[in-house]
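Chemist: Letter by letter, the chains look like this.
There are 2 protein chains.
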Amino acid sequence: MKVRLSGTRRSAPASVTMGSDDSPPFKHSLILGIDPSLRGTGFGVIRLEKPHPVALAHGTITCPPSWLLSRCLLKIATELRAVILQYQPTACAVEGLFFAQNLQTALIMGEARGASLVAAAEGGLEIFEISPRKMKLAIVGYGGAQKSAVGQMVKRMLQLVDLPEPDAADALGLALTLAQETGRHSLAAPKQL
Amino acid sequence: MKVRLSGTRRSAPASVTMGSDDSPPFKHSLILGIDPSLRGTGFGVIRLEKPHPVALAHGTITCPPSWLLSRCLLKIATELRAVILQYQPTACAVEGLFFAQNLQTALIMGEARGASLVAAAEGGLEIFEISPRKMKLAIVGYGGAQKSAVGQMVKRMLQLVDLPEPDAADALGLALTLAQETGRHSLAAPKQL
Numbered sequence: 006m007k008v009r010l011s012g013t014r015r016s017a018p019a020s021v022t023m024g025s026d027d028s029p030p031f032k033h034s035l036i037l038g039i040d041p042s043l044r045g046t047g048f049g050v051i052r053l054e055k056p057h058p059v060a061l062a063h064g065t066i067t068c069p070p071s072w073l074l075s076r077c078l079l080k081i082a083t084e085l086r087a088v089i090l091q092y093q094p095t096a097c098a099v100e101g102l103f104f105a106q107n108l109q110t111a112l113i114m115g116e117a118r119g120a121s122l123v124a125a126a127e128g129g130l131e132i133f134e135i136s137p138r139k140m141k142l143a144i145v146g147y148g149g150a151q152k153s154a155v156g157q158m159v160k161r162m163l164q165l166v167d168l169p170e171p172d173a174a175d176a177l178g179l180a181l182t183l184a185q186e187t188g189r190h191s192l193a194a195p196k197q198l
Numbered sequence: 006m007k008v009r010l011s012g013t014r015r016s017a018p019a020s021v022t023m024g025s026d027d028s029p030p031f032k033h034s035l036i037l038g039i040d041p042s043l044r045g046t047g048f049g050v051i052r053l054e055k056p057h058p059v060a061l062a063h064g065t066i067t068c069p070p071s072w073l074l075s076r077c078l079l080k081i082a083t084e085l086r087a088v089i090l091q092y093q094p095t096a097c098a099v100e101g102l103f104f105a106q107n108l109q110t111a112l113i114m115g116e117a118r119g120a121s122l123v124a125a126a127e128g129g130l131e132i133f134e135i136s137p138r139k140m141k142l143a144i145v146g147y148g149g150a151q152k153s154a155v156g157q158m159v160k161r162m163l164q165l166v167d168l169p170e171p172d173a174a175d176a177l178g179l180a181l182t183l184a185q186e187t188g189r190h191s192l193a194a195p196k197q198l
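Chains as they are written, first to last, in this note's numbering: chain A, 6 to 198; chain P, 6 to 198.
Incorrect hints may appear among the rest.
Because identical chains share one entry, a pair is satisfied inside a single copy or across any pair of copies.
What the hints assert, rightly or not - Straight line, CA to CA, 25 Å or less: simulated SDA-like cross-link-like pairs of lysine to any residue:
#1 LYS80 <-> LEU90
#2 LYS55 <-> THR67
#3 LYS152 <-> LEU165
#4 LYS80 <-> GLU127
#5 LYS32 <-> ARG44
#6 LYS55 <-> ASN107
#7 LYS196 <-> ASN107
#8 LYS152 <-> THR187
These aren't lab readings, by the way, just hints derived from the structure by calculation. For clarity, every value in this text was computed on a predicted model and none was experimentally measured.
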């Protein structure tokens, strides 16, 4: 697992502040985003604060192709547990409603999600599902945005020094989207898992 | 090998003994079978002994439809962990290569499998995948057998007093099949996960 610490510089876009005067404050201030995948699970922890949210940690849990499925799943659960223990997030945004090429892909994706959700549920987090399209729409402004565009926007919103890895960027994007959706009382609230 | 309905009540079918004189003994004597499903995960622990294998425990981990996905997955992992801790199996047979109706079904099935595999991997078990068809072929003698036929045969092979619940019967059947396949140096050895 590679964890990068954040650097902070300037102010964040208005869309990820913690709520305006006419909406109650979002009750979670520490959010974990997870983009589950068997060989490269992205994760990111953000803290909501002013003037802009801060990334406490982000990284990718990688598993070589030679590893057995069960070893990968155990690593995903174990490393996410360690992140949760260290940063104590209270809410979790997990990628959901993706497009799978076939049943086998969906099954493997489900296994990675299952391992991730066990770790999050053990930690007592409130878990929400956010679709990739919704995340891209919230972060980039276009539901069909490229991964690289998500990375660039996440870097800007969190004032990161370096561009995050693609899977980690997606995870941070999910966490930012959850804060935004829930904080602004969106009509289409994220689905709780 | 086909296990015959006319098998004796006192002795186990030859196919599930621990190995004959011309084959090395199967190194695992305690096997956990898991039939993962979000709302009803079957499990069963068998001990290979003579004259016939013995079921140490079996049951179904049920989750009401009202429960959130993450709560179900946590319950599956937690209860399987407790079973592993109590009975200390060293090998695990998990149902695999099923037929899913659609991507959503495959995803949910994957999530339940992921939670199960995390528990088994944490326990240090050697994990093998066995298809429903292979299990039915090994237990009933027909790959397209009904669930009820599996239950009846499992009850007979393990000399159970009562018919096990359907999901628990499948799990016991998977464990018995693993013992049989591995013990006899099958040409089509179970896939390790």
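Chemist: None of the hints should be skipped; say for each whether it holds.
Modeler: Hint check results:
| no. | hint | result |
| --- | --- | --- |
| 1 | LYS80 <-> LEU90 | both (15 Å within a copy, 20 Å between copies) |
| 2 | LYS55 <-> THR67 | neither (32 Å within a copy, 44 Å between copies) |
| 3 | LYS152 <-> LEU165 | within (17 Å within a copy, 56 Å between copies) |
| 4 | LYS80 <-> GLU127 | both (15 Å within a copy, 10 Å between copies) |
| 5 | LYS32 <-> ARG44 | neither (33 Å within a copy, 31 Å between copies) |
| 6 | LYS55 <-> ASN107 | neither (43 Å within a copy, 44 Å between copies) |
| 7 | LYS196 <-> ASN107 | both (24 Å within a copy, 21 Å between copies) |
| 8 | LYS152 <-> THR187 | within (23 Å within a copy, 45 Å between copies) |
The structure shown violates the earlier hints numbered 2, 5 and 6.
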